[in-house]
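> With the sequences and hints as input, model every part of the structure.
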Amino acid sequence: MAKFTRLTSYAVPLPEENVDTDQIIPARFLKVTDKHGLGDSLFCDWRYLKDGSNNPDFVLNEPASQGAQILLAGNNFGSGSSREHAPWALVGWGFRAIISTGFADIFQSNSLKNGLLPVQVSESVYKALMEAVQLDRSTEITIDLQTQTVTALDGLETTFPIDAFSKHCLLEGIDQLGYLLSFDDQISHHEQQRT
Amino acid sequence: MTIIMKPRTLFQKVWDEHVVVEEPDRPAVLYIDLHLIHEVTSPQAFTGLRERGIGVRRPDKTIATMDHSTPTLPKALWVIDDQAKAQLGQLERNCKDFGIELYALGDSRNGIVHVIGPERGFTQPGKTIVCGDSHTSTHGAFGALAFGIGTSEVEHVLATQCLLQRKAKTLEVRVEGQLMPGVTAKDIILALCSKIGTGGGTGYVIEFTGSAIRALDMEGRMTVCNMSIEAGARAGMIGPDETTFAYLRGRDRVPQAADWDAAVERWTQLCTDEGAVFDKTVVIDANKLEPMITYGTNPGMGMQISDPMPTTARFEDASQRAAFEKAMGYMDLQPGQRLLGKKIDVVFIGSCTNSRISDLRMAAGVFSGRKVAQGVRTLVVPGSHDIKKQAEAEGLDQIFQEAGAEWREPGCSMCIAMNGDNLEPGQYAVSTSNRNFEGRQGKGGRTFLASPLTAAASAVKGEVTDPRSLLLS
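So the sequence lines, in the order shown, correspond to chains W and Z.
Residues in the first sequence are numbered from 1 upward in steps of one, following our numbering.
Residues in the second sequence are numbered from 196 upward in steps of one, following our numbering.
No wet-lab data here; the hints were simulated from the structure.
Only a predicted model underlies this, so the values are computations on that prediction, with no experimental measurement involved.
None of the hints are false.
With a straight-line cut-off of 20 Å between C-alpha atoms, the simulated EDC-like cross-links for lysine to aspartate or glutamate are:
1) K638/Z <-> D45/W
2) K537/Z <-> E520/Z
3) K208/Z <-> E191/W
Structure follows, in structure tokens:
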């Protein structure tokens, strides 16, 4: 897994609530056997017109969005299906962090395993960031995982929660399966006790 | 000496039984008793195993089925696109290579993963059950701790039979009273979704309690737990009781003979102790529930079927108002109006929410002696081959076909629209499935979620219909 330490980037504003994983990547793109190459299908039904061309009204297609690594999205982001294709598509497009006031449980868990940082902020911070980003798309936001802080604008600074274990894994680029495999003896012991 | 145990919730009891390692500042290592896999969310996990050169720790605790992208037409008419074919082939190869039992397409025991788990008796009280599918919450109806996971976690469970988990908070949803005729389990869960919203249960495991839950059969309980995730909760649970044991008795994979009695004895302990404390409680009055229907683009956007849709002015918060307006735009509906009488194009009766035998019996009860309205396409898709056989033995297939509905082979079908069963852009459907997200049932399609009774009644009338108007006539 790619390390996440500190990120400074401009952001793509998506001021919508309850963006579900069916919107992030529709089910017809789930027939793949690989996790790579899904970035082109990200937000597919919002992003492309019927003829397959880019929908100029969708924020991801705006020139100002190109190269952004932060998605700034409305509350309850990633609800619905457990498909890990959602974080794969977001990472495939180039996002490394999502700032929102809330994330769905399974989406959050999936993101953390793919080097995609869910950054939960208060309603007031979200509104301030959204306003600033919509006003000036080049507004830079810095996310520091070590200090668990988001800084932007003149003096906006806030902290965000993350459990100690996920933080450690992201900072070091540690893959969680390796850690889980280290408990082999305890797992065997548990199995013996229960049979 | 008497040891006084602190009263525990059902969730806490199942959790405690399965903790392998618990250290401060670390997620617990939680043992998984049953791992269900299907074609869509497992290929990359097996690729991961191969890259690491490791095997499946407990193939005997892993069960595979094909359901998401499988055709529901008879075999002679199967159309499976190349991508789906490759994915199905990969699941078959993975199961063969790693020694996993597979209920493949065409197998007489095949069906939707959350239908066959309980049906074959794999699903049992007190088990931890996971699957790369958010509707794994269904299995909680048996007093199991069951939740959906991503593909990375599928790989974790394949490799170690364990997951790293942080303990959830507990939410009691107490449903007291008696449902009126025409009101079903689906209406209970749609009412909960509209009450607390799609994010209301985030961070919680729900336990459904109360007399209205106790009165439900297992199919109804599965419908309720199935859509816990639509209220944001990864898992929903119901304490096992005589209804649970009666359903499980004699099924393929449950303990038999003397082991059965011991199991029931053990399962009987799986209740929330008197005095145990939930982090939060929500109460629903079953007496006051009416048939529910969704009008918007997430399952929380629901209402009693006879109500008008909300007006824009009802949403004080600007972003909620924007979400409502966007949903109304997508659905091409006018705020403040009624849905009753709205013309529809398609009715879908099926999915892991409502494709079991009692769901089909309810729908057949409405269709009996009636016809599907002209111009309405109606699909009835049983959840498994066992259910299909049972329905056919009862003559339900005849009722559906005489009414003018299509009687299909089992699968997820139009719930997720990966197999060619889908809505066309702009079409309206009343669906017994679980998600009304934009495009969920086909790009541009518009979904009203409702119970099998409401879906069948709407098929007959060709418009959104209160099933009580047909049940009483």
